[in-house]
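*Asks:* One letter stands for each residue in the lines below.
Number of protein chains: 2
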Amino acid sequence: MPNPPNPARRSQSSRRAILAAAAELCSELGYGQVTIEAIAARAGASKKTIYRWWPSKGAVMLELIDETATITAAHPDTGDLAADLRTQLSAVIDLLTPAHTSPVAGLIAEALNDPDLARDLRDRLIKPRIARFKERMRRAQDAGQLSPEVDLDVALDLLYGPLYHRFVLHLGMPDADHLDVLIAHALRAVDPSTNT
Amino acid sequence: MPNPPNPARRSQSSRRAILAAAAELCSELGYGQVTIEAIAARAGASKKTIYRWWPSKGAVMLELIDETATITAAHPDTGDLAADLRTQLSAVIDLLTPAHTSPVAGLIAEALNDPDLARDLRDRLIKPRIARFKERMRRAQDAGQLSPEVDLDVALDLLYGPLYHRFVLHLGMPDADHLDVLIAHALRAVDPSTNT
DNA sequence: GAACGTCAACACGACACGTGCCGTTTCCTA
DNA sequence: TAGGAAACGGCACGTGTCGTGTTGACGTTC
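Protein sequences appear in the order of chains C and D. Numbering of the first sequence is given in my numbering, commencing with residue 5 and proceeding in unit increments. Numbering of the second sequence is given in my numbering, commencing with residue 5 and proceeding in unit increments.
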């Protein structure tokens, strides 16, 4: 009868060491080669401690990403929508590559076979970032740079879709110039009055 | 010094039994729970036989998919481009869902952590299908339904991107109506003269 | 009919999983 | 300030899967 652990008594030094070890091992060995045993050994922690606070390797990685990938959560707002989108999408590309050592790529792969992890990934990582995206787009609408009738869900699909499409099928990420082309097409699709 | 196996002497009945067992177990247990051992047991084959002809579980699944997913390789051509794209994209959606029991979804996940498998997935499965897509689009251009200046790589990204975006981030697949909306947007993006 | 290669079956060591137990440390409470 | 509950590191365990090795039966070929 394992009592639920008391977060107030949690060792923050262990927590930090575990997340740091996970990040190191991921960049050294690649996501797929990282094991709970190796994380525990590197962090100087007990496996029991990891399993007490996280249900799986994926959950550890999700927490790691949630802490480190704050850049992709914030959308820049220089007033130039297309330029800001380029900045944002470039940050996402950097986060996804190289696929074998990227915690995000590994987490996405693992979530495809773990419904619980998939739900956490979507609700804790993705949905808040989608909300930030929509906030930025609404500011563009308020500023008159984008039609107020643009469907933001479609805009999300058309802007981020090509990146994930190329990512999961290993078709190579777009370079800076091609990214501009994709952004221009997406904005024109949702808002024909756009003249970029 | 393992001699390379001689394909001429390969047992086709074992090959078929192994692929069939892989398909069954995948739909029964989910891709992630399928093991080489279970495939061998179900097929009445030896593990050694599987390892002789395939390097990994993913390679078995890739061959299985390549044989069964012929529908997605062929693009219909009724003369109505948007309708044909809807048919094709619906087939892709069916192939990707449900994620936990879909061999394609599992293979995509596994390839994200296995560079060799990723190359095979792209070159043997994806690239031929991209070629068929472009052939269909060129026929639309020849028939005057699509501007000859449309960039088919961008069209590919805008049409298939939203599907894979939603798939890997578990945002839910578009229904029939929303699929039409996405197709209309994508075609308008690459070819502003489209009036759908 | 002899030689060769694939086959199913079984055994094997290696490794990671997830859990249980122990003695120690830490921190809250009385 | 003393006591105790709970998290901690360390270790061992049983389980399951991996990928390989070995054996003898079978079929094909020359």
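Since the hints were made in silico from the structure, they are not lab data. Certain hints may be false.
The list cannot tell twin chains apart, which means a pair is met if one copy fits it or any two copies do.
[Said to hold, decoys possible] Once the Cα atoms are required to be at most 35 Å apart in a straight line, the calculated DSBU-like pairs of lysine-lysine come out as:
1) Lys138 with Lys51
2) Lys61 with Lys138
3) Lys138 with Lys52
4) Lys51 with Lys131
5) Lys52 with Lys131
These numbers come from a predicted model, not from an experiment.
*Asks:* So, for every hint listed, does it hold in this structure?
*Replies:* Here is what the structure says about each hint:
Within a single copy, Lys138 and Lys51 get their C-alpha atoms no closer than 40 Å, and across copies no closer than 51 Å, so neither meets the 35 Å cut-off. In this assembly of identical chains, Lys61 and Lys138 lie within 35 Å of each other by CA distance solely inside one copy; the values are 31 Å within and 40 Å between copies. In this assembly of identical chains, Lys138 and Lys52 lie within 35 Å of each other by CA distance neither inside one copy nor across copies; the values are 41 Å within and 53 Å between. In the homo-oligomer, the alpha carbons of Lys51 and Lys131 lie at most 35 Å apart inside one protomer (31 Å), although the nearest pairing across protomers, at 43 Å, exceeds that limit.
Only within a single protomer do Lys52 and Lys131 lie at most 35 Å apart by alpha-carbon distance; the minimum there is 31 Å, versus 45 Å between protomers.
Checked against the numbered hints given earlier, the structure breaks hints 1 and 3 and satisfies all the rest.
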